[in-house]
Every structure is written in C-alpha cells, then in structure tokens.
Amino acid sequence: MLTKRIIACLDVHAGRVVKGVQFVDLVDAGDPATQAARHAREGADEIVLLDITATHEGRQTLLDTVRRAALELFVPFCVGGGIRAARDAEQVFEAGADKVSINSAALADPALISAIGRSFGAQAVVVAIDARRDPQAADPVRQARVFVHGGRKPAGRRAVEWAREAEQRGAGEILLTSMDADGTRAGFDCELTAAVSEAVSIPVIASGGAGTVAHFADVFARGQADAALAASIFHFGVSSARSLKEELAASGVPVRLPC
Amino acid sequence: MRVTVIDYKAGNLTSVLKTLRHLGAEPVVTDGDLSLVESAERIVLPGVGHFVATSRLDATGLTGAIRAVIVRGVPFLGICVGMQWLYAGSTEAPEQPGLAYFTESCTRFAESREKVPHVGWNSLEVRNGSRLLAGVEPGEFVYFTHSYKGPVTADTAAVTRYIEPFAAAVERGNVMGVQFHPEKSGATGLKILQNFLAWRPEGTQC
Numbered sequence: 077m078l079t080k081r082i083i084a085c086l087d088v089h090a091g092r093v094v095k096g097v098q099f100v101d102l103v104d105a106g107d108p109a110t111q112a113a114r115h116a117r118e119g120a121d122e123i124v125l126l127d128i129t130a131t132h133e134g135r136q137t138l139l140d141t142v143r144r145a146a147l148e149l150f151v152p153f154c155v156g157g158g159i160r161a162a163r164d165a166e167q168v169f170e171a172g173a174d175k176v177s178i179n180s181a182a183l184a185d186p187a188l189i190s191a192i193g194r195s196f197g198a199q200a201v202v203v204a205i206d207a208r209r210d211p212q213a214a215d216p217v218r219q220a221r222v223f224v225h226g227g228r229k230p231a232g233r234r235a236v237e238w239a240r241e242a243e244q245r246g247a248g249e250i251l252l253t254s255m256d257a258d259g260t261r262a263g264f265d266c267e268l269t270a271a272v273s274e275a276v277s278i279p280v281i282a283s284g285g286a287g288t289v290a291h292f293a294d295v296f297a298r299g300q301a302d303a304a305l306a307a308s309i310f311h312f313g314v315s316s317a318r319s320l321k322e323e324l325a326a327s328g329v330p331v332r333l334p335c
Numbered sequence: 007m008r009v010t011v012i013d014y015k016a017g018n019l020t021s022v023l024k025t026l027r028h029l030g031a032e033p034v035v036t037d038g039d040l041s042l043v044e045s046a047e048r049i050v051l052p053g054v055g056h057f058v059a060t061s062r063l064d065a066t067g068l069t070g071a072i073r074a075v076i077v078r079g080v081p082f083l084g085i086c087v088g089m090q091w092l093y094a095g096s097t098e099a100p101e102q103p104g105l106a107y108f109t110e111s112c113t114r115f116a117e118s119r120e121k122v123p124h125v126g127w128n129s130l131e132v133r134n135g136s137r138l139l140a141g142v143e144p145g146e147f148v149y150f151t152h153s154y155k156g157p158v159t160a161d162t163a164a165v166t167r168y169i170e171p172f173a174a175a176v177e178r179g180n181v182m183g184v185q186f187h188p189e190k191s192g193a194t195g196l197k198i199l200q201n202f203l204a205w206r207p208e209g210t211q212c
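Protein chains in written order, with this note's numbering: chain A, 77 to 335; chain B, 7 to 212.
Extracted from the complex, chain A is given alone in its bound form (with noise of 0.2 Å):
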C-alpha cells in the first residue's frame, strides 16, 4: 500500500540549520549533512533542505552542503530556495539533490518549470506555493491567494489555478504551506490543502501549522495530502519522524514503518 510520506525539512542559512520565526531570531540548530542524516536515521520519508540565505556568496556554500548532505542520503532529497534558472537546478542536482523546489521563480517565469523538467524528469520538479485564503472572495478557501517574499507580497494569481497551472506545465509535485497556518502549531489548513489536492493529479505536500500528531492525521484525511513536511517539531529532539509514524500507524494512517 502506497503510504503517506512525513518529509523532515531543514531550513539552512550560511551552512548552518537555523530555526526562527518569521525569518527573525534565528537559533542555531546544527549541521544541514548531519542533521539530514540524523532525521533519515530516524525514520524521515524525505529530506527538504531550504536555502534561505538567497546571497550570490551563499550559493557555493549551499552546494558544498547540499554535497555533503547527499553523500549520506539514501532517501530522496529535495533542496530549494534561490533557484531562478534551470543552470541553478542543474548544479543543485549536479551536487546530489534529487529534486527542486521552486517557488517565486516560477511565478516570475513558468516557463521554469517545464525548462527543469526536461532535462531532469517532472519527478524532479516541485512547485513551491505560499497560499493565504482570501477573506473577501466568495469561497476564501478555493480563491485563496499566492503569496510571494515570506507571504508578505502578493503573486497575482489563485493558488488552486496556479497548482493546476503549475502541473499542466510539467510540475511533479506541489509544495503547498497556508501562511495563515504556518509557525501557529494550530494545526494545518486542510481546507485549502483538500481544494488543490483535488485540482491536481500530481502529490500536494501539506505544510504549515504542524504542532501535534493529530495535526498529520487530520491533513492526510480530510486535507487529502499526499505527504507532509515536518520542520520545527523534529528539531532539537523534541520527536523524531519514527515516532511521530508510529503514532499516525496507531490511528490507521499508512505509514513506513519500520524504517
């Protein structure tokens, strides 16, 4: 049986993984080679790796990371954050990753995304999508919005049309995190995350608002998630991926287990 995927996710700046909030009082919280390993140890599906340095400079570092990072890795490892063409995906895959994930970039160009794909596989493309329902639409949750800049700057475009969009043009997977949900630990938007799992027919990972094991059972009901991505709850061995499974297995989720 095709299980549900829990995906460990480590946000990297200058070589280091780092936990904030908002982007602000980032905490030390690692190495990304080690700390990848270590979640792949315990029984993660998948590893994110998010580069959110977004500097010239940062760019060879986060090579020789995503290197280091991949040397261990016998999961699948996607890496994103500040790939504008596909020379940046190339290289990132040349290092080791085995998929990317864009996101503004995408937006500013589409025609990326295909690019990506034929070279290296749909499986190999996902799209990132920061959505926010929209109060004033008439279904906020349908007509929810895409946001760009850490959520702060509006795309211009519906986040349900833009997942279809995003698929028709080659996209393997959607990324989706609700900006209203994330860094609340209240749960995660399964409204939103069931109106473009529906959309599309490519997997939709959920994120966003994860603070309980209850949380991952529900947007595998009733948000109809493929996959969700896990970021704070794994850090400083608050859970692992293993334990947070073993539970889901518990309440009838399938799950990998052992892993």
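Simulated from the structure, these hints should not be mistaken for lab results.
Where a beta carbon is used, it is the ideal one built from N, C-alpha and C, also for glycine.
Some hints could be false.
What follows is a set of in silico ranges between Cβ atoms, one per label pair, in the way DEER data are often shown [what the hints assert, rightly or not]:
hint	chain 1	residue 1	chain 2	residue 2	range
1	B	VAL34	A	SER190	30 to 38 Å
2	A	ARG163	B	GLU143	39 to 47 Å
3	A	GLU170	B	GLU143	31 to 39 Å
4	B	SER118	A	LEU102	40 to 48 Å
5	B	GLY79	A	GLN244	39 to 47 Å
6	A	GLN212	B	THR159	51 to 59 Å
7	A	ALA90	B	VAL34	30 to 38 Å
8	B	LEU40	A	GLU267	56 to 64 Å
9	A	SER190	B	GLU117	21 to 29 Å
In silico contact screen, one side only, chain B against chain A (beta carbon under 10 Å); selected entries [as the list claims (entries may be wrong)]:
hint	residue
10	THR20
11	THR25
12	PRO123
13	ASN128
14	SER129
15	GLU146
16	PHE150
17	HIS152
18	THR166
19	TYR168
20	HIS187
21	GLU189
22	GLY192
23	ALA193
24	GLY195
Position chain B relative to chain A; hints supplied.
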C-alpha cells in the same frame, strides 16, 4: 568492482553513482563509448522521465552493444525507465521499441480515483527465489515515482499494488530490473543493490 553505468541523458546520474560508490563499486559512465559496454563486468541502466529518451540508446549503438553482452551473461540491472526498456515497449512512446528481453509492454496506470503518477514509499511482495531481492522481508518499503509499469508475469520478482498489481521487479537469467529507485530506498534499497553487485552468474567469467 567496476560497474558500467549507461548515460542516455534521462535525468541525473549523481544519486546512482554515489550509491554504487558507497557500496564499494567503481562506476564508469558511458554515453556512447561502446568499448565500456563490451568490457563491462556489470551494467546498470538508470533513467527517469519519458520512455522516448531511450531512443538515444539506439542512436548511439548502445542498444546493440548491451544486447550482445547480455547474451554473454553479463549481469544487467535496469532502474525505473531502465527497467521498462527491457520490455518490448511502452504505450508512453509507442513508436519507440524497447530491448524486448521481456516480450510484454509497459502501460500507463488505469484511470481511477487514485493519483497518477504513483509517488512515494510502497511495499514489495517478493516472490520466492529472487536473487536480487534476497533478504528483503515481506512488506519492506521502497520508493517509487512513475506513471507507467510492467505487467505481472512469470518473470516478476516482486509485485507492488497501486490501482492494480504491477511488476515492481523483474528477473530472468542475468537480467534484472526494478521499477522503484533502490538508490533512494533506504536500507532496503542498499541491500538490493548489494545483492546485484554480489551476484555471480553461473558459468560466466568476466
């Protein structure tokens, strides 16, 4: 141990090469140097993406060279599209023939409520006697990402269920294929690749 890895520009080889090195093998890559195929001790044909990419194997002469060494008994492993190429073809690119080592063809998953592509970790039902999957316990998980698949036949070494049962692995003689990505399948995947590297065909000496 030297492993010849075939590059036909279908996706990224880094993961496969890294994993083979991790297991102590020395991968050498060819995208057209037939001597590297002719002298191969073992061959791995990776690949992701569209079946039409395998047309490059014909254009470069690799298809003929691979066919010849397979007949000689050189162990061969196809991964993902590399496995699908072992069949007669795929409905993904009907004009493009495969190697036809296995006479059936690959088809797309049937329309259903389930999503296509099939992406993620799914379990293996290993059939008795598979050398490639020796030591893989019932229900162990591996990582898939594909929309087309081979049918379950006598050559199927493991079955996976998604929408319908399909061939997760094939094996006959010195030719093996896996629809999943062993290089991305954790300890189970490493064990399978290790089995391939350790397997010694009877009556052949490279």
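Hints and how they fare:
| no. | hint | result |
| --- | --- | --- |
| 1 | B:VAL34 / A:SER190: 30 to 38 Å | holds (32 Å) |
| 2 | A:ARG163 / B:GLU143: 39 to 47 Å | holds (43 Å) |
| 3 | A:GLU170 / B:GLU143: 31 to 39 Å | holds (35 Å) |
| 4 | B:SER118 / A:LEU102: 40 to 48 Å | holds (45 Å) |
| 5 | B:GLY79 / A:GLN244: 39 to 47 Å | holds (46 Å) |
| 6 | A:GLN212 / B:THR159: 51 to 59 Å | holds (57 Å) |
| 7 | A:ALA90 / B:VAL34: 30 to 38 Å | holds (37 Å) |
| 8 | B:LEU40 / A:GLU267: 56 to 64 Å | holds (57 Å) |
| 9 | A:SER190 / B:GLU117: 21 to 29 Å | holds (24 Å) |
| 10 | THR20 | holds (5 Å) |
| 11 | THR25 | holds (6 Å) |
| 12 | PRO123 | holds (7 Å) |
| 13 | ASN128 | holds (5 Å) |
| 14 | SER129 | holds (6 Å) |
| 15 | GLU146 | holds (9 Å) |
| 16 | PHE150 | holds (8 Å) |
| 17 | HIS152 | holds (8 Å) |
| 18 | THR166 | holds (9 Å) |
| 19 | TYR168 | holds (6 Å) |
| 20 | HIS187 | holds (8 Å) |
| 21 | GLU189 | holds (7 Å) |
| 22 | GLY192 | holds (5 Å) |
| 23 | ALA193 | holds (8 Å) |
| 24 | GLY195 | holds (6 Å) |
Going down the numbered hints, you'll see the structure goes against none, and every one checks out.
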